[in-house]
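Participant: Top line first, the protein sequences correspond to chains Z and Y.
For the first sequence, this note's numbering begins at 1 and goes up steadily by one.
For the second sequence, this note's numbering begins at 1001 and goes up steadily by one.
Hints were generated in silico from the structure; no laboratory data involved.
Positions of the beta carbon are idealized from the N, C-alpha and C atoms, including for glycine.
There could be a bad hint or two in this list.
[What the hints assert, rightly or not] Going by beta-carbon spacing under 10 Å, a handful of chain Y positions derived as facing chain Z:
#1 1033
#2 1036
#3 1037
#4 1041
#5 1058
#6 1065
#7 1070
#8 1074
#9 1278
#10 1281
[Claimed, not checked] Over the 10 Å line for every Cβ pair with chain Z, so calculated as not near, a few chain Y residues:
#11 1016
#12 1047
#13 1069
#14 1089
#15 1094
#16 1121
#17 1122
#18 1142
#19 1190
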Amino acid sequence: MNGGGMTIESIRMKNAYRSSGFVQLILILLMVAMIILAISSDELRLIRIESSTL
Amino acid sequence: MKNENSRNIYFILRKIRSYCVVCIGLILPNSYIKVLSSKQIYDGPLKQGCVPFLNCHACPTAFMSCPIGIFQHFAAIRQIPFFLFGLLGSIGLIFGRAACGWLCPFGWIQDQLYKIRSKKVRIPKVFSNFKYGFLAIFVFLLPLFTEVHWFSRICPWGTLSAGIPWMLWNPVDPLRGEPVIGPDIVGWLFVMKISILLLFVVLFVMSKRPFCRTVCPLGAIYSFFNRMSIMRMHVSGKCAGCDQCVEICPVEIKISDDPNSPACIRCLKCTICKNVSVQWMLSHEPGIKEIA
């Protein structure tokens, strides 16, 4: 047990889950897809209009 | 040998961090010098992109947009900003909150002001949850229901980098033939903005990064990614608990207790201790302190 009440085994279990990396890669691909979606729509034009006014 | 090479790399990274913030975070996105002759804010194609840190797009020399300003605008027009979610999400998933430590000029200014000799105070940990409230209320909910950019009205970085420069300069707009800042704008709102800025300047001198830790909505967004990012901090089991890392940490966290705390800005200052290192999740085990 450490101070926070977690056993070493539970910490290792969390590590094992987090170390897969697969979920992160999928999420990054999702984010890239969102950027592509935004570029193909007129979202960037809206950003430009908004940020060009005082 | 590998460990020694890593220590050398951390040493170089710690040395170049300030230059990185000033060059990439401060000068590069704010180098529209042509404003001196055009007397108009830049509205070219680069304004379609956002920087991944706080940088007021109303600053006279700004080239790119502020993500928080754009979030508010999209909330006000009731649309989903896919570009921003994608940009901040991908950066957060790879580097966690590193943009706060390596790119944000406002955080760097706070670090510099804290070096002024004065009475120092520690910010209670509970205040660090306030930034989520600012994110939800001032960036999303209030703009959604009132169509007004409320966070921009209180943002001290916006006041410092846009409000004050425009107010001091106040050129005649060549298109309208009138001063950019009309007399109607200099009212209670500007007084409030200046008061908030002054309050924060005092806090910057007395405590470590108070804005980043308690108010910054962008920091709140990035902090969600610290525990799942590919870049991770790691503390070896040899940590003796000397608390040197707490003393040098710009956000006062004890990295040995929680290496990937949502508050960590990945500035790598704590890598001065040989027990702290960076790990990339796709190639190593992530960093939770090993307990023997």
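Participant: Give a verdict on every hint.
Facilitator: Consistency of the hints with the structure:
1. With its C-beta approaching chain Z no nearer than about 17 Å, residue 1033 of chain Y sits outside the 10 Å limit, and its interface hint is violated.
2. For the restraint placing residue 1036 of chain Y at the interface with chain Z, the shortest Cβ-Cβ distance is roughly 16 Å, beyond the 10 Å limit, so the hint is violated.
3. For residue 1037 of chain Y, the suggested interface contact is broken, since its CB lies about 17 Å from the closest CB of chain Z, more than 10 Å.
4. Because the smallest distance between the Cβ of residue 1041 of chain Y and any Cβ of chain Z comes to about 6 Å, under 10 Å, the interface hint for this residue holds.
5. Taking 10 Å as the C-beta contact cut-off toward chain Z, the hint placing residue 1058 of chain Y at the interface holds, the least distance being around 5 Å.
6. For the restraint placing residue 1065 of chain Y at the interface with chain Z, the shortest Cβ-Cβ distance is roughly 4 Å, inside the 10 Å limit, so the hint holds.
7. Against a cut-off of 10 Å between C-beta atoms, the interface hint on residue 1070 of chain Y holds, since the closest Cβ of chain Z lies about 5 Å away.
8. At its closest, the beta carbon of residue 1074 of chain Y sits 8 Å from a beta carbon of chain Z; the interface hint therefore holds under the 10 Å criterion.
9. Look at residue 1278 of chain Y: its Cβ only gets to about 15 Å from chain Z, farther than 10 Å, so that hint breaks.
10. This hint holds: residue 1281 of chain Y has a C-beta 5 Å from the nearest C-beta of chain Z, less than the 10 Å allowed.
11. The claim that residue 1016 of chain Y lies off the interface holds: its Cβ sits roughly 26 Å from the closest Cβ of chain Z, which is beyond the 10 Å cut-off.
12. With a minimum CB-CB distance of about 5 Å to chain Z, residue 1047 of chain Y fails to clear the 10 Å threshold, and the non-interface call is violated.
13. With a closest Cβ-Cβ approach of about 7 Å to chain Z, residue 1069 of chain Y is found to fall inside the 10 Å limit, against its non-interface label.
14. The claim that residue 1089 of chain Y lies off the interface is violated: its Cβ sits roughly 4 Å from the closest Cβ of chain Z, which falls inside the 10 Å cut-off.
15. At the 10 Å boundary, the C-beta of residue 1094 of chain Y falls inside the reach of chain Z, the nearest C-beta of that chain being 7 Å off.
16. Against the 10 Å criterion, residue 1121 of chain Y stays outside the reach of chain Z, whose nearest CB is about 26 Å from its own CB.
17. Distance check on residue 1122 of chain Y: its Cβ is at least 20 Å (rounded) from any Cβ of chain Z, clearing the 10 Å threshold; non-interface status holds.
18. With a least CB separation of 17 Å from chain Z, residue 1142 of chain Y remains clear of the 10 Å interface cut-off, as annotated.
19. Listed as outside the interface, residue 1190 of chain Y is consistent with that label: its C-beta sits roughly 13 Å from the nearest C-beta of chain Z, beyond the 10 Å cut-off.
Violated hints, listed in ascending order, are 1, 2, 3, 9, 12, 13, 14, 15; each of the other numbered hints is respected by the structure.
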